[in-house]
Amino acid sequence: MKTMHKHLASGLAGTLILLALACSSKNNNNNPVIIGTGGEAAATGGGTSTTDGGSSGTGGSSSTNGGSTGNGGSGSSTGGATAAGGACVQDTRPCHSCPATTSDEFLNECTPATCYPFDNAGKGVPSSLPAIP
Amino acid sequence: MRTKMRFPVIRALPILAGAACALFTALPASAQSVDCATLPGRVYVAGSTAVKPFLLAIAKNLVTANPPITIIYQGQGSCVGVNYMTTSPAGTISGTGTYWDSTGSADLSCNLTAITGDVVDIGVSDVFASSCGYAADPSMHDFYGPVQSMTFSVPVTSTQQSISAEAAYMVFGFGADTAAHTVAPWNDATALEVRSASSGTQQMISAALAQVGSGFAAAKVKGVANSGSGVVLTGLTGLAAANNQEKAIGFLAMDVVDTNRDKVRPLAFQFKGQSCGYMPDSSTTAFDKANVRDGHYAIWGPLHMITPSTDGKTATNANADKIIGYLTGRDAPAFDLISVEATKGVVPDCAMRVSRTTEVGAMASYMPAKSCECKFLKAATGTAPTDCVACPNNTDAECASGANKHCNYGFCEVQ
Chain A
333 MKTMHKHLAS
343 GLAGTLILLA
353 LACSSKNNNN
363 NPVIIGTGGE
373 AAATGGGTST
383 TDGGSSGTGG
393 SSSTNGGSTG
403 NGGSGSSTGG
413 ATAAGGACVQ
423 DTRPCHSCPA
433 TTSDEFLNEC
443 TPATCYPFDN
453 AGKGVPSSLP
463 AIP
Chain B
82 MRTKMRFPVI
92 RALPILAGAA
102 CALFTALPAS
112 AQSVDCATLP
122 GRVYVAGSTA
132 VKPFLLAIAK
142 NLVTANPPIT
152 IIYQGQGSCV
162 GVNYMTTSPA
172 GTISGTGTYW
182 DSTGSADLSC
192 NLTAITGDVV
202 DIGVSDVFAS
212 SCGYAADPSM
222 HDFYGPVQSM
232 TFSVPVTSTQ
242 QSISAEAAYM
252 VFGFGADTAA
262 HTVAPWNDAT
272 ALEVRSASSG
282 TQQMISAALA
292 QVGSGFAAAK
302 VKGVANSGSG
312 VVLTGLTGLA
322 AANNQEKAIG
332 FLAMDVVDTN
342 RDKVRPLAFQ
352 FKGQSCGYMP
362 DSSTTAFDKA
372 NVRDGHYAIW
382 GPLHMITPST
392 DGKTATNANA
402 DKIIGYLTGR
412 DAPAFDLISV
422 EATKGVVPDC
432 AMRVSRTTEV
442 GAMASYMPAK
452 SCECKFLKAA
462 TGTAPTDCVA
472 CPNNTDAECA
482 SGANKHCNYG
492 FCEVQ
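These protein sequence lines map, in sequence, to chains A and B. Under the numbering used here, residues 333 to 465 are what the first sequence spells out, in order. Under the numbering used here, residues 82 to 496 are what the second sequence spells out, in order.
Simulated from the structure, these hints should not be mistaken for lab results. No residue lacks a Cβ here, since even glycine has one placed at the ideal position from N, Cα and C. Take the hints with a grain of salt, since some may be wrong.
[Said to hold, decoys possible] Residues from chain B that face chain A, not an exhaustive set, calculated with beta carbons under 8 Å:
| no. | residue |
| --- | --- |
| 1 | Thr271 |
| 2 | Gln355 |
| 3 | Ala379 |
| 4 | Asp412 |
| 5 | Phe416 |
[Claimed, not checked] Derived BS3-like pairs: lysine-lysine, alpha-carbon spacing no greater than 27 Å straight-line:
| no. | chain 1 | residue 1 | chain 2 | residue 2 |
| --- | --- | --- | --- | --- |
| 6 | B | Lys303 | B | Lys344 |
| 7 | A | Lys455 | B | Lys328 |
| 8 | B | Lys141 | B | Lys451 |
| 9 | B | Lys486 | B | Lys451 |
| 10 | B | Lys303 | B | Lys353 |
| 11 | A | Lys455 | B | Lys303 |
| 12 | B | Lys486 | B | Lys141 |
| 13 | A | Lys455 | B | Lys353 |
Hey, can you work out the whole structure from these sequences and the hints?
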C-alpha cells in the first residue's frame with residue numbers, strides 16, 4: 333500500500349489539488365471497514381462498510397477521496413465468516429481525511445484496513461477508570 | 082519453566098526475579114560439548130526473548146558470512162538486557178548460550194565461560210532503557226533496529242476480536258478481583274498470560290495502558306507471570322485445549338504471533354482517542370503490518386541494541402558493529418535482510434511512515450531516506466501492491482516516467 337505521504341512527497345500538483353479539495357472538510361465518511369463484534373464480514377474496499385456480515389468480498393477498491401489510498405479492503409481473505417448472530421455495523425463515525433500530523437490523527441486516519449470497534453460502555457468498562465492500587 | 086507469581090510486587094523484585102530466572106534457565110540442561118569461545122566471530126547478545134524468532138533468522142545468515150559471525154544469545158527479558166549495559170565494561174552472562182547454524186532449524190547450545198562469564202556485547206531490548214528504570218552507561222549507545230509491535234493475543238479458536246486500552250487497563254490492572262472491575266470475557270486472572278516487569282513486551286504494553294488511567298505499571302500487572310514469550314504461547318494454547326479460549330488472553334510480540342498463526346492471533350487494539358480498534362496488519366490474514374507502519378496500531382517501538390560506542394555511530398566491537406550496521410539500515414548485508422524482517426513480523430525503518438522517540442509516545446509523519454515500502458510489502462505478502470512499479474535493473478532511469486523517481490530494492494520509491 334502506498335500512503336498518502338508518498339503521494340504528497342512525490343510533489344504531484346494534481347494530487348495536491350485533490351487533497352486540498354478533500355481536506356476542505358476535516359472529516360468525511362470514507363471510513364475504514366468496520367467489523368461488528370459478532371462476526372467478520374467481507375470488505376468491499378476503503379470507505380465502505382458491509383451491512384450483512386456474511387457476504388464475501390473480492391478485495392475491495394481503493395478509497396479515492398480520503399486521506400489514504402491503498403490496495404483495497406481486506407474482505408476477500410475472510411469474507412463471509414460470520415459468528416452466530418454477528419452482523420457488521422454500518423459505521424457512522426468520521427475518520428480523519430487529511431494528511432495526519434498528530435497521534436490522534438494517525439490513529440483515526442481514513443484507511444482501507446479492517447477495524448474492530450470495542451464498545452467500552454457496552455462491555456461495562458467504567459467511564460472513569462479507577463486508579464490501580 | 083513457568084512461574085506462578087502474583088502481582089503486585091515492588092518494582093525491582095520482578096526484574097531481579099527475571100534475572101534469577103534467566104540464570105536458572107541458562108544452566109546446562111544436558112551435557113554440553115561445545116565451548117562458546119571456540120565459535121568464530123562471537124557476538125554475545127542478551128535480553129529480549131521476543132526478539133528470538135527474528136534474531137534466529139539473522140543469525141543463520143551471518144554465520145555463513147565471510148568472515149562468519151556467530152550470535153551467542155541468552156533470552157532473559159529486555160530489562161535484563163538493558164541492565165547489563167548500565168556498567169562499563171558491560172555485565173556478563175554465564176551458563177549456556179544459544180547459537181544457530183546456517184539452517185537455523187534448531188537451537189544449539191554452547192558453554193559460556195565458567196565462573197567469570199562472558200561480557201555482553203549487545204543488550205537487546207524491546208523498550209527504552211528508561212522504561213526499565215535504568216540509564217545505559219555513558220560509554221554505551223542505543224542503536225535502533227526494526228520495529229516490533231506488541232499485542233494482546235488470544236487463541237485462534239477465541240471469538241474475541243478487539244480490546245480497548247480502557248478495557249485492558251481494567252483486565253490487567255485488577256485481574257477481575259471484583260465484579261465491578263471485571264470485563265467479560267476476561268474474568269479469570271489465571272487465564273491472563275502475562276510476563277514480568279523485566280519483559281519489554283509487558284513494559285511497552287504497560288506504557289500504553291498507563292496513558293488511560295492512574296497507577297498502571299508493568300510491575301502491577303495481574304495474571305500468570307511467564308518467563309518468556311514461548312511460555313505465554315504454551316499457556317494460551319493450553320487454555321484453548323481446556324476449552325477456556327474465550328477468557329484466555331496474553332501478551333505477545335508480533336514476531337512470535339506471526340510464526341505461530343496457527344495457534345494465536347492478535348486482537349485489534351483501540352487506543353485512547355481512537356474510534357475503532359486495529360490489528361498490526363490490515364486484516365486477520367494479512368502480514369503487511371500496515372497499521373503499524375501508518376500509525377493506526379499504537380503499541381510498537383524500535384528494537385534497542387545497546388552496545389559500547391565511542392562516536393554514537395559505530396559499535397566498538399567490530400563484529401557487533403556489523404550486526405548494528407545491518408539492523409539499523411546503515412549497511413547493506415549480503416543477504417536479503419528486508420525479506421527476513423518482513424517474514425518474521427518486524428518492520429524495517431525504511432518501511433515505516435510514522436516515527437516516535439518515546440515509549441508509545443507521540444507519533445510524527447516519517448519518510449525514510451531510502452524507502453523500501455514496495456520491497457517490504459512484496460516480501461511480507463508475496464505480491465507487491467499494484468501501484469508499486471518494478472525497476473528490475475535497479476536504475477533510477479527505469480522510474481523516470483513515474484511519480485516515484487528512485488529505484489530502491491527493485492521498486493520505484495518516492496525517495
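Consistency of the hints with the structure:
{"no.": "1", "hint": "Thr271", "in the structure": "19 Å, violated"}
{"no.": "2", "hint": "Gln355", "in the structure": "4 Å, holds"}
{"no.": "3", "hint": "Ala379", "in the structure": "7 Å, holds"}
{"no.": "4", "hint": "Asp412", "in the structure": "25 Å, violated"}
{"no.": "5", "hint": "Phe416", "in the structure": "26 Å, violated"}
{"no.": "6", "hint": "B:Lys303 with B:Lys344", "in the structure": "23 Å, holds"}
{"no.": "7", "hint": "A:Lys455 with B:Lys328", "in the structure": "14 Å, holds"}
{"no.": "8", "hint": "B:Lys141 with B:Lys451", "in the structure": "26 Å, holds"}
{"no.": "9", "hint": "B:Lys486 with B:Lys451", "in the structure": "12 Å, holds"}
{"no.": "10", "hint": "B:Lys303 with B:Lys353", "in the structure": "21 Å, holds"}
{"no.": "11", "hint": "A:Lys455 with B:Lys303", "in the structure": "20 Å, holds"}
{"no.": "12", "hint": "B:Lys486 with B:Lys141", "in the structure": "35 Å, violated"}
{"no.": "13", "hint": "A:Lys455 with B:Lys353", "in the structure": "16 Å, holds"}
Violated hints, in rising order: 1, 4, 5 and 12; the structure is consistent with all others.
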